[in-house]
Amino acid sequence: MNSQATLSRELALRIGLAARVLPDTDAKALFAVLQDCVGLPITDANLSGITLTAFKAASAGALAHIEEALLKQALHLLKHPLADADPAPVQPEIHHLQPEDLAGSVRIACASDDGVNVDGHFGACKQFLIYQVAADHAHLIGIRATDSPDSADAEDKNTFRAELLRDCQVVYMASVGGPAAAKIVKLGIHPMKLSASVPIAEIIAQLQTVIAGTPPPWLAKAMGIEASDRFRFLTEARA
Amino acid sequence: MALYIVEADCISCGDCEPVCPTNSITEGAIVFKIDKKTCTECEGDFDIPQCVKVCPIDNCILPLEA
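Heads up: the protein sequence lines correspond to chains A and B, in order. Here the working numbering is used: the first residue of the first sequence is 14, the next is one more, and so on. Here the working numbering is used: the first residue of the second sequence is -5, the next is one more, and so on.
For the record, the hints were derived by calculation from the structure and aren't laboratory data. It is possible that part of the hints are untrue.
[As the list claims (entries may be wrong)] In silico DSSO-like links for lysine-lysine, alpha-carbon gap of 27 Å or less:
1. 199(A) x 139(A)
2. 234(A) x 206(A)
3. 27(B) x 234(A)
4. 69(A) x 85(A)
5. 27(B) x 199(A)
6. 234(A) x 30(B)
7. 234(A) x 47(B)
8. 199(A) x 47(B)
9. 47(B) x 27(B)
10. 206(A) x 47(B)
[What the hints assert, rightly or not] Ranges of calculated distance between the beta carbons of each label pair, as one might list FRET restraints:
11. 0(B) x 26(A): 52 to 58 Å
12. -2(B) x 223(A): 22 to 28 Å
13. -4(B) x 116(A): 35 to 41 Å
[To be verified] Here's a subset of chain B near chain A, in silico, CB distances under 7 Å, partners left out:
14. 1
15. 2
16. 3
17. 13
Note that the Cβ used here is the ideal one computed from N, Cα and C, for glycine as well.
The shape of chain B in the complex, shown without the other chains (with noise of 0.2 Å):
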């Protein structure tokens, strides 16, 4: 259970790094990416995970497949 970033879309605005609960994002080579060991989809947190709200890009950010 964790969130991804669609490489292809990311524009690297780094408005969801700050607002991780968990400080799952970082700057990676290319673009921002999540750790998936430590994403909780913001459960236990907020109602919706933080970085799809703030996430300028539609379908940028979405559940990783179990």
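Looking at chain A on its own, in the form it has when it is part of the complex (with noise of 0.2 Å):
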């Protein structure tokens, strides 16, 4: 019998992930002390009998060189269903932007290399994410790359991405250089330098914890809220 006839596709996407996080060993190398230790056909039952220590003697003890800590996860990853495991991540889906997603909202630019935390250099990030953020809802619209031209030098090339982000009103991102946060500000663009990689999903959730309370004068400004309503949120906020 062809034992990969037998593998579910959860299965095998399983032996794969935890081919990943062992070193110098592939899915099918894996696949082969697998079968070693349990046999044919591989299943999930046969799986989750694996124990450390057979895992490591399988195969003449190919996998014995390997930190235990590593091969720990790699166990866990082959007996646990996906779902406890990290999903893959997925391409988020880009919002057509209605005229109706405009008011009282803000455009930010996230600089993001994993497209889910705000993970990335201002300088270096492969691409920005664009959320138009109002107090109640708040939509990905567009998701920028950040190839320049190769001739492009460091200070241009700068330049080049804080010129992408031109429509945003505030850039957010891991870390950013001070000639770079430059011409940012120089854009109008309010840069937000975080201590440490945040997920996008909290910033946008503070963010609008904001937008619905009082925003700050200069945030207010930056949507568009007239002079007038802001000494209406300032007289409230004095009182």
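Dock the two chains into a complex; use the hints.
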């Protein structure tokens, strides 16, 4: 019986993911080790019986040199259905902006490498995720790649990146250099450097709380709230 | 003769507060503010107002019209 025909897609994916955490081990090599451990066919039931000791001893100790922590991680991936593991990053859906999305909103850019967290350096991140955020809704409206012309030197690169975000009011990033920050400010964009990598969803939630409450005057101005309306905010806050 | 902070532009970074030689800058209800009674525009202490020097926003700290 061809054992591969009996592998479910999900199980095959788990073996692939487990192989990825092990150094110098591809899925094929890991498959050989598993085959030695439990025989064929490989199933959920016999995988769950593998012990760390058996895992290390299989295939004449092919994995014995690998750190135990990594082996444990691989075993965990093998034994648990994927719902327990980290979901694979999904490409988020881009929302087509409607006029009504704009009221009382602010457009933000998030420097991100993984598409989930604000984890990018302004001058080095792969992409900027652009969101339109209002108190009660937030939409991803674009993902802007940062490929700049190869000939551009460092200074041009930062200008190029700042220009990419010209329509945004705020840009969040994990780090940014001084001269680059100056270029961002010059375009009227407010740079926000975070002290650590933070999920974009958290940033948006935070910002929504601020928008729903009393936005600071600079933000109110960026959102296009009229000065007379702002005055109402100010008097409320002072009272 | 004193400076003031433009409320709509101040981002409340607080950089100006510690550099004021006369301790005239405090955090207000909305943004930072300068006490016009004690602000000297740094005359006698520095050549240029220190808050203007450290403020990251252009034209955010301006002279109060007499």
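To see whether the hints hold, each was checked on the structure:
With a CA separation close to 23 Å, the supplied pair residue 199(A) and residue 139(A) stays within the 27 Å bound. Restraint check: the Cα-Cα separation between residue 234(A) and residue 206(A) comes to about 20 Å, which is no more than 27 Å; the hinted pair holds. For the suggested pair residue 27(B) and residue 234(A), the alpha carbons sit about 18 Å apart, so the restraint of at most 27 Å is met. A hinted pair counts as satisfied when its Cα atoms are at most 27 Å apart, and residue 69(A) with residue 85(A) qualifies at roughly 10 Å.
Taking the CA atoms of residue 27(B) and residue 199(A), the gap is near 24 Å; set against the 27 Å cutoff, the hint holds. As the CA atoms of residue 234(A) and residue 30(B) are separated by approximately 25 Å, the hinted pair is consistent with the 27 Å bound. Under the criterion of a C-alpha separation no larger than 27 Å, the hint pairing residue 234(A) with residue 47(B) is consistent with the structure, at around 23 Å. Taking the CA atoms of residue 199(A) and residue 47(B), the gap is about 17 Å. The hint holds against a cut of 27 Å.
Straight-line distance between C-alpha atoms of residue 47(B) and residue 27(B) comes to about 16 Å, which keeps the hinted pair within the 27 Å bound. Taking the CA atoms of residue 206(A) and residue 47(B), the gap is about 21 Å. The hint holds against a cut of 27 Å. The hinted range of 52 to 58 Å is satisfied by residue 0(B) and residue 26(A), whose Cβ atoms lie roughly 57 Å apart. Between residue -2(B) and residue 223(A) the beta carbons are some 25 Å apart, a value that agrees with the proposed interval 22 to 28 Å.
In this structure, residue -4(B) and residue 116(A) meet the distance hint of 35 to 41 Å, their C-beta atoms being roughly 39 Å apart. The beta carbon of residue 1(B) is positioned within 7 Å of a beta carbon in chain A (closest approach about 5 Å), and the interface hint is therefore held. For residue 2(B), the interface hint holds, the least distance from its beta-carbon to any beta-carbon of chain A being 5 Å, beneath 7 Å. Against a cut-off of 7 Å between C-beta atoms, the interface hint on residue 3(B) holds, since the closest Cβ of chain A lies about 6 Å away.
A distance limit of 7 Å between C-beta atoms decides the matter here; for residue 13(B) the minimum to chain A is near 18 Å, and the interface restraint is violated.
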